[in-house]
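Take the sequences, apply the hints, and build the full model.
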Amino acid sequence: MTIEELIALVPLLVVASISVILMLVVSFVRHHRLISLITLAGFIAAGIMVFQSMGQPAIQITPLIILDDFSRFFIVMTCFASVPAVLLAYDYLRRSEDLKEEYYMLLSLAVLGAVVLAASNHFASFFIGVELLSVSLFAMVGYMVHGEHKRVSTLEASIKYMILSGVSSSFLLFGVALIYLNFGVLTFEGIQQKILNGTLNGYGMMGIAMLLIGVGFKLSWVPFHMWTPDVYEGAPVPVTAFLATISKVIVFALGLRFLHESGALGLFNVQAALAFIGVLSMLVGNGLALMQDNLKRLLAYSSIAHFGYLIIALIAASSASATNKALAMEAVGFYLVAYVVTTWVAFGALSALSQPEHGIEAENLKDYRGLFWQRPWLAAIFSVALLSLAGVPLTAGFIAKFYVFAAGASYTLWFLLGILIISSAIGLYYYLKVIMEMCKPAEDENDFQKAAIPFENKLILLVMTAFVLYLGISPQALIESLNSAIKVLM
Amino acid sequence: MLVLWLIVVLFVGGVLAGLAERVHAAASRWVTLATLVVSAILLWPLACAQPQAFESVAGQSGWLAVLQWEWIPRFGITFLLAVDGISVLLIALTIFLGFIALLSAWEEIQTRVGFFYFNFLWTLAGVVGIFAALDLFLFFIFWEIMLIPMFFIIVIWGHEDRYYAALKFFIYTQASSLLLLLSMIALVFLNWQQSGEISFSWFDLLGTKTEGVFGLLLMLGFFVAFLVKLPGVPVHNWLPDAHTQAPTPGSVILAGILLKTGAYGLLRFIVPLFPEAALAFTPYALIIAVVSVLYAAKMAFAQNDMKRLIAYSSISHMGFVTLGVFSWNALALQGTLLQMIAHGLSSAGLFAMAGAIQHRLHTRALSEMGGMWSQAPRMAAIAMFFAIAALGLPGLGNFVGEFLVLLGSFQMHPIAAILAALGMILAPVYALYLLQKSFLGEQSDTFSAHSASLFEFKAREVLMMGLLIFGLILMGFFPRLLTEYSDVALNSLQALGWGP
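Sequence order for the protein chains is A and B.
According to my numbering, the first sequence holds residues 1 to 490 in order.
According to my numbering, the second sequence holds residues 1 to 500 in order.
Everything labelled a hint here was simulated from the structure, so no lab data went into it.
All clues stand as given, with none of them false.
Simulated pairs of lysine-lysine, DSSO-like, Cα-Cα distance not exceeding 30 Å:
(1) A:K458 with A:K366
(2) A:K366 with B:K168
(3) A:K433 with A:K458
(4) B:K168 with A:K433
(5) A:K440 with B:K168
(6) B:K168 with B:K298
Keep in mind that this is a model prediction, so the values were computed, not measured.
Here you go:
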């Protein structure tokens, strides 16, 4: 390993070292604030370092890790999008009776997994990243099991997630094995060579299918979505938010890189399977969300639908024309960013009304009745998030949807776009239902809406809402950095 | 720049009106009034522009106040505002009806006053933006932006079934506007392939070759979105609910202005951008127009709810707009524009009347009304005026519009014109039915509980109605005032698509 490679690797090492440092610190002093600050500083430092190196030439460090602008973009996003995860968790844990410090170790390990995934172009690092991420996550999902006011559903959610994660990992592993059997290589680019040479046979195809299934579990594509609503509901809000944003987005980014670099995206079978999954995810996700009165479950189904929309851009990325391909990849990138910031706003609002000290979260629709009159700003911010998820202009979600339309139209995916229109119309119903609930006259006494909102939570809400509006009104800056990020893939 | 200022003033005024509530409950109204006055003053120089002030943009003459800023260069999206004679007239209508709606809201809106006027002015700002935006992306943004405040107006201040109505309104329009967005993008890509430049500017897209089935499908995407807003018959279902459940000022804005955005879209986009496809589609569009006119008129007659009746009459009247646009004829186009403005005034009057009655009787059911004439003669006379305006009495604005549309379309499609003219027989049936059920006949029990002095129109309401009556009479006797103004714009539009 040369010194340049080592320098390039520093941000990853920083993230990796957070958990070690935390372990050392905890063995001397248990200080919640200190621990959270160390975690925070680590994420921000790593994020800034990678951000500074944007635009530099790509570096392959060992066969496992690649640092090009694409991975840098997603590492920066992971690091900065983990900041609210720390802040929300700090506030949540401070108010609950559980052991606090270990949570941050799990979180930093999960982020490490995400960072490795973002920088992986080899099946070994792919698998390591996925396992790091999901093993930490199922501990995080079941974290709040102590104390008087523990949430009962937490453990159930954790076990559910663990089992399904295990299943999906075994699919991944088997898929990797079959691919190795067919091609004899484990790098994404090596596979492309083999596919171009025509060495793809039934084993390889099977392997790719298994990989899609494994990834489908992580992204909760229909029909692999069963775990999502239960886990979203059972996990504490900060963990749900982390699960909904970073863990999904990074897996999708990696999926894009794999499908693109290996050339598997060009295969008709893969496109057909993706289109099938996409249609199902859009319709089933939005359709089942209609019936939810629990906001966390509603957001779970909504995220299923959103990853269905993303499939349209993903398929369009197989276009032969370079401009259209670039457009589709930008669409994926923009959508992921818009989805992350919007989801943080939504969960930030959920958390603002929750009371972990009593083991209660503001997850029922009726908890929001009259919020516009009790807390107008919070209600307005939450409405912005919902409208952005629904894809209404001046929000990030609209530009993202616009991008998906543009990408789909450039690849003439009219049928999928038709489904997108239908399912968006269905989706509007439940987003509006929440907004209407907030508009209804307030009921006599609602404890949820009275408690003061902690500073950290306000900060997240304000910053992320500003991002949602900024990206919706003036998206050009993000488009340009996305442009340079995807250039390395072209 | 003037148009931009106009929009900015309305947006900022909305925020100020929202904040003013904290100072004093009534302050919001005055801030709103001041905002509308300022925007009227800003509009004045545009309305008085001399012919030499008109600019030529990309070979199209007759434009005022052109403003183009770079916005999202990745997609060739610019912040492009410009107005021609048509837009100025419609913006003037918007501001004018803004005053009317404000007057009708003055006493009706008592709760959450600040938030109401915030939404109110933002809706107006969105509508002005629609009439002024000539970048398709910008147009779409305004198209959507006006929905959200309107949604809040219905949800928060509406009547008994408001949640259902608001949801229906939003989903109908939003689903169809996604279709519009898709068609816009596809059109832009088509133009990109042909010209090598990506642009969302209306002027650049005019030259796109949109023949064949693909062009027809694109046109249908636009057409459906505008037809929903207009509304035309198969997709009109949201309107009776939304108009009925909205508070009075909401109904006035919905019927008077929001419907005109659909008509404006038909006029501005369908034929100029897709001349061949629109020509091929003409027979079907005419069927839709005629069915809208007749079916909605028949439905209006069957209603017991006063606002529903008026809502259906709106659908019937807007059928003439579709007829006019697809008549491929200069007379019909002029008639279309006049019909839009006249219907804006008369339906605003009718909804304000319905609102005033509901405010007093707490019911909209015609079966519970009757015999109000003797108690409230002033109100009754005004109601009479709007009823006969709606039925198309010569000398009033609506007659001019419908007559010109029929005259123009008769030259091109006599059968459609003859069938649509039957609407002018059905209109008196429901308009007079409305009048008979409410103001004539035997005095009802609901009504006798009120003393006459409480019932009669107050000065504010007489002023509001007087303004509308003045506008309708002026239009009826001197339509030349308006057509002179819009001639240049209509002619250049016609040259784009309808041909000589």
